[in-house]
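So the chains spell out like this:
There are 2 protein chains.
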Amino acid sequence: MKNIPDFNIAFMKEALKEAEKAQKAGEIPVGAVIVKNNKIIAKGCNKREKEQSSISHAEINAIKKANKVLKNFRLTNCDIYVTLEPCPMCAGAIIESRIKNIYFGAYEPKEGAVESVIDLPSVYNKKSFKTQGFGGIMEKECKALMQSFFKSK
Amino acid sequence: MKNIPDFNIAFMKEALKEAEKAQKAGEIPVGAVIVKNNKIIAKGCNKREKEQSSISHAEINAIKKANKVLKNFRLTNCDIYVTLEPCPMCAGAIIESRIKNIYFGAYEPKEGAVESVIDLPSVYNKKSFKTQGFGGIMEKECKALMQSFFKSK
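Residue numbers (the numbering used here), protein chains in the order written: chain G, 1254 to 1406; chain E, 1254 to 1406.
One chain only, chain G, in its complex shape (with noise of 0.2 Å):
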């Protein structure tokens, strides 16, 4: 694995922890923890299904949880933790969140919006401030989960 700056693998368990609460429920497997100086803040799963809401995927779902931990709308100083690459509009609310690692587990060939289709956060990089991702972490954990679910439908 490369060299990945301020990464710990235990939140990227924890995510996985998320993302098989989605499973259990019915949801395609994909869980998000966000991390700010080493704690966990929030932690959110994937609930399309169950809400009927084409917002409700992980990403945002701890997006929203840690807007109200920090009572601000910068999650400044905080990374986020995902089992999958995020889709346009997660990697989009990721860095309109200012969120400064993307740690991702499985890529999505055909919907990643951090490097497979399009690395959103390098087309969005300001001078004053830089989301960067790192994908692949824990990937054949994360992709097995994916792996299983689809193959039981």
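It is possible that part of the hints are untrue.
Note that the list lumps identical chains together, so a pair holds whenever it fits in one copy or between two copies.
[Claimed, not checked] Using 30 Å as the maximum straight-line C-alpha spacing, the simulated DSS-like pairs for lysine-lysine come out as follows:
no.	residue 1	residue 2
1	1300	1321
2	1379	1406
3	1406	1324
4	1404	1379
5	1266	1321
6	1266	1289
7	1380	1300
8	1383	1303
These are calculated hints, taken from the structure and not from any lab test.
We have chain G already, so just place chain E on it with the hints.
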């Protein structure tokens, strides 16, 4: 103005009213409405400051309401009218919701993800489904609202 499919300027006027609501509340004045079968099914305005939520853009607020009205995470055969070119998060949410047409007013040269910085709908076009963007609708009025807001700050 180019030939724009399924377009009705009355709906952009309603989006402008939403933007004015945001302005009165001290928010960046952006408003959106979602239309199905030539009828408004949901409205939203920017509430980022009030809610301290990075997600709370006009488009997202309108999409959340439309999901509830239709009880469906897919906004099939819906169009969105928005006073400002969507950011990447909102453009992504619009694509994710399967909204058909994006009619927007003012261009957003630094953030716009439908035409200005990037054309996300084209990047994410599927063979089976396509979101299309049309910009510069009531541009003068939409831009004037933004300019008067930033001049007052």
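(Q) Are any of the numbered hints broken by this structure? If so, which, sorted upward? (A) none
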